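2 protein chains.
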Amino acid sequence: MDDETFQHASLDELRADRSRGASELARRSLELLATFARECRAADSRQLAAKLDEFAAALAATRPSMAPLQTLTRRWRSELTSTRSRALADAREHAATRAQALVTRSVRAVEEAAVRASALVGEGDTLITHSLSSTVLALFRHLARRGIRVIVTESRPLREGTSLARRLSELGIRVDYITDAQVGAFIARANLAMVGADSVLGDGAVVNKAGTYLLALAAQDQGLPFYVCCESFKVTSSLATEITLEEKDPTELGAPQLPHVTVHNVYFDITPARLVRAWITEEGLTATPPRAA
Amino acid sequence: MDDETFQHASLDELRADRSRGASELARRSLELLATFARECRAADSRQLAAKLDEFAAALAATRPSMAPLQTLTRRWRSELTSTRSRALADAREHAATRAQALVTRSVRAVEEAAVRASALVGEGDTLITHSLSSTVLALFRHLARRGIRVIVTESRPLREGTSLARRLSELGIRVDYITDAQVGAFIARANLAMVGADSVLGDGAVVNKAGTYLLALAAQDQGLPFYVCCESFKVTSSLATEITLEEKDPTELGAPQLPHVTVHNVYFDITPARLVRAWITEEGLTATPPRAA
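As given, the protein sequences belong to chains A and B, one line each in that order.
Take the first sequence: its letter number 160 is residue 160 in my numbering, and every next letter is one higher.
Take the second sequence: its letter number 75 is residue 1075 in my numbering, and every next letter is one higher.
If you are wondering where the hints come from, they were derived from the structure by calculation, not from laboratory data.
Bear in mind that the values here come from a model prediction, so they are computed numbers and not experimental data.
Careful, some of the hints might be misleading.
With beta-carbon atoms standing in for the labels, derived distance ranges [stated by the list, open to error]:
(1) B/LEU1171 x A/GLY124: 50 to 58 angstroms
(2) B/HIS1260 x A/GLU39: 41 to 49 angstroms
(3) A/ARG167 x B/ASP1012: 34 to 42 angstroms
(4) B/GLY1147 x A/THR81: 55 to 63 angstroms
(5) B/PRO1225 x A/HIS260: 21 to 29 angstroms
(6) A/GLY254 x B/HIS1260: 23 to 31 angstroms
(7) A/THR244 x B/LEU1171: 30 to 38 angstroms
(8) B/THR1251 x A/GLY122: 31 to 39 angstroms
Subject to a maximum C-alpha distance of 25 angstroms in a straight line, what follows is the list of computed SDA-like cross-link-like pairs (lysine to any residue) [what the hints assert, rightly or not]:
(9) B/LYS1248 x A/SER163
(10) B/LYS1248 x A/SER169
(11) B/LYS1248 x A/GLY254
Residues from chain B shown here face chain A by an in silico Cβ test under 7 angstroms; the list is partial [as the list claims (entries may be wrong)]:
(12) ASP1180
(13) ALA1181
(14) ASP1221
(15) VAL1261
C-beta: ideal position from N, C-alpha, C; glycine also.
All chains should be built: construct the whole structure from the sequences, respecting the hints.
This is the structure:
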């Protein structure tokens, strides 16, 4: 595969992905960058550095609502300042190794955040969540033997709630599966609400799958704590006014095409920090918004 | 068709109906009662009265979350106290005529409530609603020439939002069609939220399609007024603790069947009165809960 074909295929893969969350896609980007660093054509390390920089920026731009994609590729680029001064083979290896080290760090961060979050959950508690977060799934793995119940929302349009229900079922965790619209009818059965995040903004607001803001409002109205659990790579200094909420293909809704009717498929919403009881990252739990790394 | 067959078919029809709202089903019940009053077997007016009473009670019990079914059949029964003292043919005609008069009254009440609600909507306003209410649809007919926009929710599981979008499209009204989960992402684009009701409880709480409570919370959080518009036959003296929220066939969700996973299909939720800016019935707009007739 020539460089251009590889790059296009990579960008298309990231843009089209609807099943992996922000952390997983960020790590996938780093893996693609590692492969590209090892295999792309480059006359010297100077040209390599330029190509890697450009490709990293393009990968980050595919999913503007997903902070870790921005944070991890930026971090990686900042670690490559010495690329130009290395011999080509060494520069390739260094870039690939740094990318893989960041993947490992992200995986560990998710796991540690999940362990910290597990301290908030008691024996027999009922949790409610929304969408499918790999971090929250890691948490549920830790809780499998605590006799918990989980209220899982369908999460339209693509219903990743069905995947979450399947994984929890495999873990032997009892699940109450509901439509997104039933959150208000079921919230009072839960002890706490726990979600992941695509991004945590500079003021602590949480960008996550559309429907998260409604869950947070329902939790507040019923006096339930609403927690956000994610790796710190998801924390950005951007504010709501500076970010783009991704709008995806409206045909995913399966709605009829009608005159005067515009079908919308905004993937994310923003939950204001005032609705968040605490943010949990690998660095710990904070009742005030975490700072961008 | 013998009496028993007719009664069973009627009860099944009401239980199974997922497309008509509470007012329409209440009126349908009255029409079935009128037919039954004219055609059922009865030796005398005393036996007729007993059969009508029993059938009316059975019809009302099919949809416990729908107040007008209770209110209108109760009202009708109370108007039939003279049945026993009439000649059989006269008693039949009286019962049928009273049922039809209540149908007409309910239709007019819905229309008048819609006219009163229309006073709240300005030229070019954007309204957000949830589910398909025949009263709110009547309101939209009045607003068709005011250049309004309507944000329509899908309303899972059976997506009656698609029917509403189709009807609004036919009226030439611009529609933004969203999933139930996108309410939080779109609420700020609306000027006001307007819903119908299956019941208004004694304390003003609103029983309506699951998802209504979330819409009301989002409206409150964004400072939007949340209005409920319905005929006064929907107002009951019952409280939330006294009513049953209907749970329907979980297969309507199309969720996978998995061990440890319980799929729920609770059709209604309860929006507390504190989230309602005003209640609008054919009798007018009130900022305090309307009283049961």
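Kindly indicate which numbered hints from before are broken by the structure, ordering the numbers from low to high. Violated: none.
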